[in-house]
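If you want the building blocks of each chain, they are given just below.
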Amino acid sequence: MINFLEQTVNGLVNGGFYALLALGLAVIFGMLRVVNFAHGAFYMLGAFGAYVGLREFGLPFWVALVLVPVVLAALGMTLERTAINRLARLDPLYNFLFTFGLTLILQDLVKWRYGVNANPYEIPAGLTGTVHIGQFGFPAYRLFVFGFAVAACLLAWWLLARTRVGMVVRAATERPELTGALGIDVGRWITPVFGFGIALAALAGVLAAPIQAVNPLMGADLIIVVFAVVVIGGLGSVTGSVATGFGIGVAGAWAQAYAPPIVAQTLVFVVMAVVLLIRPAGLFGREEGVA
Amino acid sequence: MRVRRVLSGTVAAGTVLTLLAACGGGGPRGGGGSSLSGGKIVLGVLNDQSGVYSGLGGKNSVVAVQMAIDDFLAKHGDKAVTRDISVVTADHQNKPDLAKTDAQQMYDRQDVDAILDVPTSSAALAVADVAKQDKKLYFNIGAASDDLNGKSCNKYTFHYAYDTNMLANVTGKTATKNGAKSWYLIYPNYAFGQDMLRGFTTAIGSAGGAVVASAGSPFPNPTQDYSTLLLKTSGLSPKPDTLGVMQAGGDLQNVVKQYNQFKLKDQGIKLAVGLMFITDIHALGPDALAGTTFTDAWYWNANQDNRAFADKFYAKTKTRPTFDHAADYSAALQYLEAVQAAGTDDSDKVVAKLEGKTVNDVFLHNGTIRAADHLVTHDAYLAQVKPSSQVTEPWDYEKILETIPADQAFNPPSSDCHM
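First to last, the sequence lines map onto chains W and V.
For the first sequence, my numbering begins at 1 and goes up steadily by one.
For the second sequence, my numbering begins at 292 and goes up steadily by one.
Just so you know, not all the hints are guaranteed correct.
Unchecked claim - For lysine-lysine, the following PhoX-like pairs were computed, each having C-alpha atoms within a straight-line distance of at most 25 angstroms:
hint : chain 1 : residue 1 : chain 2 : residue 2
1    : V       : Lys468    : V       : Lys690
2    : V       : Lys607    : W       : Lys111
3    : W       : Lys111    : V       : Lys386
Source of the hints: derived by calculation from the structure; they are not laboratory data.
Work out the full structure, taking the sequences as your base and the hints as a guide.
Here it is in structure tokens:
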């Protein structure tokens, strides 16, 4: 029973990463209609940002946690202005190919400079211990990651649901023409939203640095799972991607703990296939073109 | 116009990277004649050049093979069977289907006489099939599956350096004799991991220990997460005293990092590693692994000869060779010597020269190229990771505890192998 609880909490920790990444993908897709394949690369750059910051400039984890997302968001916004925005008017395939190519370039550049092996990054002092509640024991840092991911998702939800900016973004996401017709300049919010999505990916990367091996490929395969999460949740649905992120995290942990390996290996894709068959717009998605 | 500029910029950058990646081919031209196909010898290095196994092999395997060619040509001078020996290379990305196509391409179109390296057992088994069909030589070095010298053995495939039984015999048996009685084994769920699981379970049992549980992880593992498997330990009964990790390369690096995070050592669960390369220790830092025992097929700082080779390798790559690199060198050299002895690159005649040969070179100590199953046996080493306080120079991470003679390290030929 205790072990089941530990596995569940651990699933929520993993789910936190999915949720942060899926949320970023969802707002970017919602606002720009761009499938950002480079999201995994920005997650990787987030982890490398923390690593390089510490090694070259002595920046502690807490500084990296703020600074790295800001820097990468700026990079993302530059990218959006110079390239993605210009390709957005063409077939969506162009941006898909562009971000895919960008991923390969970013990965290879990091590989070229830092090699393929893991780079060391320690858990920040103060969170290295284990939290014990009765028989339940869990690494403190992982609990922190879970709490932080939940807080970040709540903050994002609050921004989108309770502020004027969020209202504009949601309106522009769901009915871009109508929003434009009401005299609201949709275009000016596109770049910041893209930057925000990238910042979330970078944040997940910094959080992952103490847990996982920091290597150039850490985002390469993960992004495929995150895409599946976004599709299950419903493309562009913020609530859907967060809820599905945590859900898949827990389901994955249970599957790996209590089922044969093949189940854990295929779970997310089987769920995706089933959801697409039954609810093509995703669990939380809305059919388009019904208005 | 701007769109086009951006796109063409991307394409250009991609092209440059592709070109960079393609470097390392080529080699001396000229010479010719004799009874060689095309008057030349072409060696093909097929391995992982971008993924979890690219650090332990990768492009530096090409460097090692080129070193063997240079040494061969220097030794034989004008008497060499040809001066035209070159290396071609391809990245199989650890995918069996890609490895198969690459191998066919190498044999059929690039006139490759022998393919070398090929980590990832599932990919290696695919290449062994192609070698058998094309009747061309294949020296497996990077992959460990004992099926390569068991039920999938064939006349044209040689299994160099190590196999899963050797790892199990050295690490599994010795650790059990030294007090590890109950094991929890975690393994990557593909050919290599499954063979490791089988080999370790047998070896641990024969030494008087027991495997209380085992669990597989996906390969490749998209989430790079092993915490779920590690957390299982607290629910196991009886509680294991040793975690046997069968993951390798980048995966192993993740497991060890997370093992330390969950503080399993403090809970009395020791770490035993099935397969580790010096690049893994370098990546994690010796303190993350200090005291861990494992099997090594070759260590760069074990003696003067190894060190001399490692120094030459370092001059070219700025890194120390793994046993995979040293074995690549050895296999390429032994192949070229066999061609020299046979006077031809005809596969059957070269195989005849190789079978049953006993070899001592920089990699093989008391080596035998076994005729029965084409497993290349040699002395193996039980090694221990030094704590950083005992490390006297960069890459000096290992203490060799024991030399295990070839006949104890490797199993006798399997009855499943029919040439």
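What's the verdict on Lys111 of chain W and Lys386 of chain V, does the C-alpha distance respect the 25 angstroms limit or exceed it?
Roughly 20 angstroms between the alpha carbons, so the hint for Lys111 of chain W and Lys386 of chain V holds.
For the pair supplied as a hint, Lys468 of chain V and Lys690 of chain V, confirm whether the alpha-carbon distance does not exceed 25 angstroms.
holds, 19 angstroms
Given the hint that Lys607 of chain V pairs with Lys111 of chain W, does the C-alpha gap stay at or below 25 angstroms?
Cα-Cα ~18 angstroms, so holds.
The structure is consistent with each of the numbered hints, conforming to all of them.
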